[in-house]
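If you read the protein sequences in the order shown, they are chains A and B.
With the working numbering applied, the first sequence closes on residue 429, and no number is skipped along the way.
With the working numbering applied, the second sequence closes on residue 343, and no number is skipped along the way.
Rather than coming from a laboratory, the hints here were simulated on the basis of the structure.
Each hint can be trusted.
List time: in silico DSSO-like cross-link candidates among lysine-lysine, alpha-carbon distance up to 27 Å:
#	chain 1	residue 1	chain 2	residue 2
1	A	Lys-323	B	Lys-86
2	B	Lys-86	A	Lys-306
3	A	Lys-263	A	Lys-401
4	A	Lys-205	A	Lys-401
5	B	Lys-93	A	Lys-306
6	A	Lys-401	A	Lys-210
7	A	Lys-263	B	Lys-339
8	B	Lys-86	A	Lys-321
9	A	Lys-321	B	Lys-93
10	B	Lys-339	B	Lys-86
11	A	Lys-263	A	Lys-205
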Amino acid sequence: MIEIECKDLVKKYGRKTCLNGINLSLENQRIIGLAGPNGSGKTTLIKLIERLLTPTSGEITIHGKRPGKETKGLISYLPDRDFLPDWMRAGELLDFYQTFYDDFDRTKAENLMRQLNIDFSGKLKHMSKGTREKVQLVLCMSRKAEVYLLDEPLAGVDPAARDYIIHTILENYNEDGLVFISTHLITDIEPILDEVVFLKEGKILLHRNADDLRAETGRSIDDYFREVFAC
Amino acid sequence: MLSKLIGYEMKAFGRILLPVYAAILAVAFILGIDFRIFSGSDQSAGSTVLTLILGLMIAAVFIVVGLLSIGRFYTNLLGREGYLMFSLPTSTGNLIWAKVISTVLWSIFSTVVALIACVIPVCMYPGFWKGAQEADFKVVGAEVSASLLKYAGNIVVGVLIVIAAVAATIVCIYAAIAIGHLWTEHRILGSLLAFIGLEILNSIFLGLAGTGAFAVGSYPDLNRAMIAGGTEAVILVLFAAEIALYGVITWVILDRKLNLE
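Go ahead and model the full structure; you've got the sequences and the hints to work with.
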């Protein structure tokens, strides 16, 4: 079943075109990587799907519906930046998610936070950057969502943290859903990908099954990525 | 969902305002003690200073409510927290209304706290209770009840007008911030310019209100109560129109033109 569909999607900021005629169909029960160099439009595409940006033209549907109130209930979104309210405590943040998301599994979130030794009564503003990123990941992956939009979850973290992030994603995502994960660190996520989408200068360069791409090129996706996007 | 959002907003406001309320009431109580101790003598310099501090704190609490409301709209919806709020499965209208309603509620609470803070020192003044003991409570109670019943309608309409004025002001500021957000750069400057533009629009609204009130007042067959009622109705309708207009502007920008950085 198609979870996300983009038709002739265009996004411009003033005169600058960030996405130019994106046509994309993403099905459920897949982990799909969105790869491209910095500035290729990965974050823009994800934010358009989450409706944090308004498209200049074109159409997006999620589960057959246009982005809005209903689709936000289907999507679990991990942005590429810190969005946690400083004044809240970790426990209050769990209350917040439990209040607003019907598919939020509080027990799972609490267990994951305990594994990270996070104090529920601790204020978020006193947590380190790395811990806050992990809290965001825990919140995102503790939902049984139809779609997981993960924007650069591996960027700027050490290799051990990367392992933790990938492990957390794999252990907790809803297998009937779709995981759409943007990154330019292909090596780390290549083993878990079912499909890959390459984005270059706001256009889809390719969208293939990961195994097929490796067979066709005779190389790993990471090697192929380096060749395609060589400076 | 709206009630849940209001609950969240109330909590966010409360963490700052509740300690301020506690401080105001504490100063009022200390002032009352000061009145009690020095009631027989010339008033101390301390009571003058405390009265001044209390007045400033009461004025400050309303400023804090306004600043919090603006700050929360900007950071919670258009700042990095917007990634959290705009990902919630709720409508943009609910996000906006939750902030407006919370601001109105905290303005009401602040007014109540300010009134209590004014009453506390008066009640603690020894002469007050002495006078109260001498007064016939039945007569006073009957007079107060009669006055309240007589002017109940006016009181309710007056309160509604104040609430509508607060809501209209807040939505106007939200609309200005939202308009500024349409700019790709210098968004705060854009918001300030938009606010000036909307204030000009407000003055046109007020002009209309004045004309409407004058038109009602100049109607020869109306008695004073009808003139007052008509004027109040005109004011309420205009505030409602302002809230609707600025609310729609804010909603259109946040719902149809949102570009969260």
